[in-house]
Amino acid sequence: MYLAVCLPLILPILAAVSARRLAEWLPPQTATWLLTGSAVTLAVASSAMLGLLALAAAVRIPEVAEIGHLSLRALTRQDPASLPLGLVAATLLAAAAAAATRAAWYRSAALVAAHHQARRLPGTGQVVVITDEVADAYAVPGWPGRIVVTSGMMRALTAAEGRVLLAHEHAHAAGRHYLFTSAARLASAANPLLRPLAAAVGYSVERWADERAAAAAGDRPLAARAIAKAALAASAAPPRPAAYASALGVVPRQAAPPGQAAMPRAAALRGAGVVPRRVAALLSPAPRPRLLLLAIAVILVAASGLSVLDAARDLHALIEFAQGGR
Numbered sequence: 435m436y437l438a439v440c441l442p443l444i445l446p447i448l449a450a451v452s453a454r455r456l457a458e459w460l461p462p463q464t465a466t467w468l469l470t471g472s473a474v475t476l477a478v479a480s481s482a483m484l485g486l487l488a489l490a491a492a493v494r495i496p497e498v499a500e501i502g503h504l505s506l507r508a509l510t511r512q513d514p515a516s517l518p519l520g521l522v523a524a525t526l527l528a529a530a531a532a533a534a535t536r537a538a539w540y541r542s543a544a545l546v547a548a549h550h551q552a553r554r555l556p557g558t559g560q561v562v563v564i565t566d567e568v569a570d571a572y573a574v575p576g577w578p579g580r581i582v583v584t585s586g587m588m589r590a591l592t593a594a595e596g597r598v599l600l601a602h603e604h605a606h607a608a609g610r611h612y613l614f615t616s617a618a619r620l621a622s623a624a625n626p627l628l629r630p631l632a633a634a635v636g637y638s639v640e641r642w643a644d645e646r647a648a649a650a651a652g653d654r655p656l657a658a659r660a661i662a663k664a665a666l667a668a669s670a671a672p673p674r675p676a677a678y679a680s681a682l683g684v685v686p687r688q689a690a691p692p693g694q695a696a697m698p699r700a701a702a703l704r705g706a707g708v709v710p711r712r713v714a715a716l717l718s719p720a721p722r723p724r725l726l727l728l729a730i731a732v733i734l735v736a737a738s739g740l741s742v743l744d745a746a747r748d749l750h751a752l753i754e755f756a757q758g759g760r
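If you number the sequence shown the way the working numbering does, the last residue is 760 and the count never jumps.
No lab work stands behind these hints, which were simulated from the structure alone.
Only a predicted model underlies this, so the values are computations on that prediction, with no experimental measurement involved.
A hint or two may mislead.
[Said to hold, decoys possible] Computed beta-carbon distance windows for the label pairs:
{"#": "1", "residue 1": "Arg554", "residue 2": "Gly739", "range": "38 to 48 angstroms"}
{"#": "2", "residue 1": "Val546", "residue 2": "Ala650", "range": "27 to 37 angstroms"}
{"#": "3", "residue 1": "Ile444", "residue 2": "Val568", "range": "40 to 50 angstroms"}
{"#": "4", "residue 1": "Arg554", "residue 2": "Ala729", "range": "38 to 48 angstroms"}
Beta carbons: idealized from backbone N, C-alpha and C, even for Gly.
Modelling step: build the complete structure from the supplied sequences, incorporating the hints.
See the structure below:
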C-alpha cells in the first residue's frame, strides 16, 4: 500500500530529471509522444493519489464514518494513516485543480484567439507572406492552421534556406504540435514538478519540425544553417503578445551566440541554449530509436497508473472491512 502511494508522487521527480536527456536521445517524434503522454499520465496519477489520501482521511472523520456505517476502530487498526496527511493531500489537490482549471481557461482562450487571427490573415493559401521588416516566421494554430512569414525573414535567408524554414513551419502545422505543448503545459499546471517535461516537449516539437525540414531538404547542414540564421534574424524582433505566444506553444526563438553563424562543431554547441542544441542535433546524425530506453520509460509511467489502481483497491477493501465492523 505504501509503495503504491509513494510511486505516483515520486516518479514526477524522476521524470523531471530525465526529461531533457530523453528529448535529446530519442527521435523527436517518439520523444514528443513519450514526454507528453508521461506528463499527462503522471499528472493524473499524482492527482488521483492525492484524492485517495484525502478520501482515506475523510472516512476517519466521525460524522463521515457514521454516514457510511464505518467502524473507526477497524479503520484505525487496519490503516493508521493520519488525518493531517489527508488534509495536506486535500489542500494540494485543491490547488492542483485550481491551477489546471486556470491554465485550461487561458490556453483555450489563446487558441481561440489564434484561430480568429488565422482566419483574418490575407489570402486563401496556407502560407502568408506579410510585409514587415522584422524577421519572423511562425505557424498559427487554427482550423486550418496558417503559416506566417515576414518579408524581413525571407530577405535574411537564401532561397534554399527559406524552403527549409517553410518546411519547418509546415511540420508544426501538419503535426498539430500545439496540441502536444498544450497537454504538457496543462499537466505541469496540475503538478509543478512536471514543468521540465513541458519544457522538453516544447524542445522536442521544434526538433521534430527540424528533422522533417532536414528530410525535405535532403541536406542536414543546410537545415542547421537555416535554423541558425533564422534565429539570428529573429533575435531582434519584439516579443509576441503573451497570450498569442502561449497559443503557438513553441519554444521561443533565442539569439544564437555570435560564433554560431560560423557553424562550429556540434560538440561545441551541446549544453547551450535551445537553438544551439537544435543546430548541434542537425549537425549530427539523426537520432536512432532506443527501444530499451523507451520500454523502461513506458514501464515506469505505467507503474504510476497501476499504483493508483492498487491503492484504490486497497482503500475499497479497507472501507468494506470497516463496514463489517470487525
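query: Where does the structure disagree with the numbered hints, that is, which hint numbers, in rising order?
result: none
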